[in-house]
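Number of protein chains: 2
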Amino acid sequence: MAQQPLKRVLVTGGAGYIGSHIVLTLLLTRQYKVLSIDNHHNSFPTALKRASQIATEALPEDATAQDRDSAVVESFTGDLNSRADVEKVFASGPIWGVIHVAALKAVGESSEIPLDYYATNVGATIQLLQIMQEHGCYSMVYSSSATVYGTPPLVPIPETTPLKAESVYGRTKVMCETILADLCTAYPDRWRAISLRYFNPAGAHTSGLMGEDPRGKPGNLLPLLSQIAIGKYADSPLKVFGNDYPTRDGTCVRDYIHILDLARGHLLALEALSDERAPGSTISPDVFPKEGGKYKAYNLGKGHGQSVLSMIAAMHKASGFEYKYDIIGRRVGDVPDLTADPTLAQKELGFSAPLELEQMCEDLWRWQSMNPDGYGEQ
Amino acid sequence: MAQQPLKRVLVTGGAGYIGSHIVLTLLLTRQYKVLSIDNHHNSFPTALKRASQIATEALPEDATAQDRDSAVVESFTGDLNSRADVEKVFASGPIWGVIHVAALKAVGESSEIPLDYYATNVGATIQLLQIMQEHGCYSMVYSSSATVYGTPPLVPIPETTPLKAESVYGRTKVMCETILADLCTAYPDRWRAISLRYFNPAGAHTSGLMGEDPRGKPGNLLPLLSQIAIGKYADSPLKVFGNDYPTRDGTCVRDYIHILDLARGHLLALEALSDERAPGSTISPDVFPKEGGKYKAYNLGKGHGQSVLSMIAAMHKASGFEYKYDIIGRRVGDVPDLTADPTLAQKELGFSAPLELEQMCEDLWRWQSMNPDGYGEQ
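As you go down the protein sequences, you meet chains A and B in turn.
Residue 192 in our numbering is what sits at position 192 of the first sequence, and the numbering runs on without skipping anything.
Residue 86 in our numbering is what sits at position 86 of the second sequence, and the numbering runs on without skipping anything.
There's no promise every hint is true.
Stated by the list, open to error - The following label-pair restraints were derived from C-beta to C-beta distances:
(1) B:GLU377 x A:ASP69: 50 to 58 Å
(2) B:ASP85 x A:ASP69: 19 to 27 Å
(3) A:THR185 x B:ALA84: 52 to 60 Å
(4) A:GLU112 x B:ASP85: 27 to 35 Å
(5) A:THR282 x B:TYR325: 55 to 63 Å
(6) B:ALA84 x A:ARG248: 29 to 37 Å
(7) A:HIS135 x B:GLY250: 31 to 39 Å
Unchecked claim - Derived, one-sided and incomplete: chain B residues facing chain A with beta-carbon distance under 8 Å:
(8) VAL107
(9) ILE126
(10) GLN133
(11) HIS135
(12) GLY136
(13) VAL168
(14) ILE179
(15) ALA186
If you are wondering where the hints come from, they were derived from the structure by calculation, not from laboratory data.
Predicted model, so just to flag it, every value in this text is computed and none were measured.
For glycine and all other residues, C-beta sits at the position ideal for the given N, C-alpha and C.
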């Protein structure tokens with residue numbers, strides 16, 4: 001029996017930490033031809049080579065030529081801010097859908113260079129949507145963030161919480177969600193989009209071949225703990241910002257979700273955007289209401305949070321490293337507890353995030369130990 | 001005594017109804033070299049020729065060469081969506097400040113083609129700000145709108161009202177205000193911006209040489225009334241949408257402000273952005289707080305509103321035309337009363353809007369009678 005032709009899906013920012021794990025997850029399904037565009041501002045080409053390598057090694061012995069093709073990502077080096085770079089990707093052949101991950105993502109930096117954030121995160125998204133429309137490509141999975149909630153009035157946070165971002169970064173995400181919602185409302189028979197609001201992606205692929213390799217000193221806790229354990233930043237003591245929050249041990253609580261669980265959420269979102277359903281599909285017919293625009297936003301989180309101190313303990317367990325830390329004052333902008341209410345994604349997409357904290361830390365540590373200098377690229 | 005060199009100020013959308021009256025107001029001061037960029041999507045080049053003509057005729061007999069130069073606008077035909085077009089303007093010489101008027105502005109249309117609105121109103125604004133920054137130009141007066149308030153909880157509407165636009169058009173204005181505020185906060189020693197939230201600009205220059213010439217059937221009440229009086233749209237009866245609103249005669253109330261008063265508000269805003277003060281300046285030192293970003297938003301309105309029926313009566317008085325109208329049901333999205341609280345602009349800019357409704361209608365009718373086909377261009 002002839003195979004279904006592969007749907008071509010573009011992952012923007014495909015070489016980054018989140019993007020590369022999404023790419024790998026798509027490659028492993030053998031149902032898509034995956035394209036990536038990345039400017040390597042905060043990522044490395046090797047990530048995509050390893051994703052293709054892992055997917056190719058996972059092919060069955062009787063893999064067809066199409067299967068072999070589906071295991072290799074088609075990679076474009078280019079900048080979403082450049083119309084020409086994006087058009088080159090779309091000129092390569094019809095693209096069915098886009099998983100739009102590429103963005104600047106440092107909350108602190110975003111308030112220092114807001115124009116770069118608005119240009120790259122909002123301006124380039126508008127341009128991408130225009131180019132998609134020009135090429136008859138009307139499906140997008142959008143990488144949003146729990147930061148859209150600002151300081152949430154209710155925790156665990158449901159999607160119905162009013163969006164009130166408190167950083168430039170968060171505001172760029174709210175703006176893109178707003179634009180997508182308006183676009184889907186204007187063209188209910190054409191455009192479909194799902195925003196996935198990430199809580200705290202963590203861990204790495206179990207092979208140890210792929211993981212997070214931030215340029216410069218990590219801004220996030222887990223990669224910082226992992227790099228400290230490998231021997232970096234020995235001179236600068238670990239700082240814990242505040243232990244007087246109204247949480248179980250007084251330190252901030254975040255909802256960590258394994259990067260592979262998070263990546264799988266994108267597979268479900270892609271399926272939800274399509275008219276086709278895989279056998280045994282978990283996608284509810286309620287994803288898009290019968291009336292109105294085909295736009296929806298979902299939290300991707302585990303639904304329970306971890307404090308800073310419990311993360312340090314978990315990374316100690318995984319790596320054996322004895323962390324020393326100083327408890328200092330609260331950091332401006334930190335919210336005590338950002339834990340997702342993941343019910344909607346469970347109910348409507350059949351999403352779950354079964355991988356536990358212990359595995360996140362083990363996988364992260366395996367990646368870090370096997371790749372002390374990350375991908376080893378400049 | 002040598003004259004101060006002219007400050008070069010760019011008006012985007014300078015050929016449009018609002019833009020051309022701002023250009024004229026600036027030309028008449030002889031203090032600026034005014035540049036315009038306009039793609040003539042909803043405007044005509046003749047408007048700028050007439051502005052230069054009026055300002056040149058108003059020159060004193062002993063006008064210097066610089067005075068003569070200041071009375072003529074330097075006009076660029078170009079599209080803000082094109083980086084090359086905008087860069088061409090900035091390559092013409094240093095620009096001190098930008099009055100950013102250019103935008104798509106039809107509320108109804110904005111929900112039909114949202115991507116065009118987001119690209120032109122938001123994407124192009126981000127790009128303009130980037131180009132300004134690249135050229136060391138850090139001052140902007142931004143054309144915002146009363147639509148940022150959506151359905152206001154309090155009328156007259158103070159600037160402190162939370163922004164909650166209810167149309168795509170309104171959301172593009174809120175986004176640009178947000179971006180400007182973030183930019184000014186990030187660079188308090190560099191960037192300065194003032195958003196002017198227009199209520200309902202009306203009327204025309206008293207010469208009858210300049211006025212509003214919308215392409216196609218006017219979407220706004222006053223130009224429609226004026227075109228009906230000149231003999232257009234005789235076949236389609238005038239519609240009044242709802243007479244059961246909680247207003248004095250049951251029809252919607254809007255805050256009409258004479259276009260020349262509105263234009264003068266931009267002169268004051270420009271002065272407020274500058275470190276220099278004209279003799280007898282009305283600009284308060286409180287415009288920008290000592291701490292934090294140099295960004296402020298002001299309502300430009302008269303502070304009292306006119307109902308649809310009173311506007312029809314006023315245009316009848318000005319034109320002598322006997323309007324016939326059908327009262328039909330309310331229109332989706334219409335808000336009963338949009339009247340500005342103009343106190344802040346009065347207090348901090350010394351702004352006032354003395355021209356009354358009667359003069360708005362007389363000036364409009366003079367323009368329409370003298371130019372039954374507007375600027376007579378395609």
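Structure-based check of all given hints:
1. B:GLU377 x A:ASP69: 50 to 58 Å: holds, 56 Å
2. B:ASP85 x A:ASP69: 19 to 27 Å: This hint is violated: roughly 42 Å between Cβ atoms.
3. A:THR185 x B:ALA84: 52 to 60 Å: violated, 33 Å
4. A:GLU112 x B:ASP85: 27 to 35 Å: Holds - the Cβ-Cβ distance for GLU112 of chain A and ASP85 of chain B, about 30 Å, lies within 27 to 35 Å.
5. A:THR282 x B:TYR325: 55 to 63 Å: holds, 57 Å
6. B:ALA84 x A:ARG248: 29 to 37 Å: violated, 57 Å
7. A:HIS135 x B:GLY250: 31 to 39 Å: Given range 31 to 39 Å: violated, Cβ gap about 50 Å.
8. VAL107: Given a least distance of 13 Å, the restraint on VAL107 of chain B is violated.
9. ILE126: Holds: closest Cβ of chain A sits about 4 Å from ILE126 of chain B, inside 8 Å.
10. GLN133: OK, holds: GLN133 of chain B within 8 Å of chain A, min 6 Å.
11. HIS135: violated, 13 Å
12. GLY136: Check failed: Cβ of GLY136 of chain B comes no nearer than 14 Å to chain A, outside 8 Å.
13. VAL168: holds, 5 Å
14. ILE179: Result: holds, 5 Å to nearest chain A Cβ.
15. ALA186: With a closest approach of 5 Å, the ALA186 of chain B hint holds.
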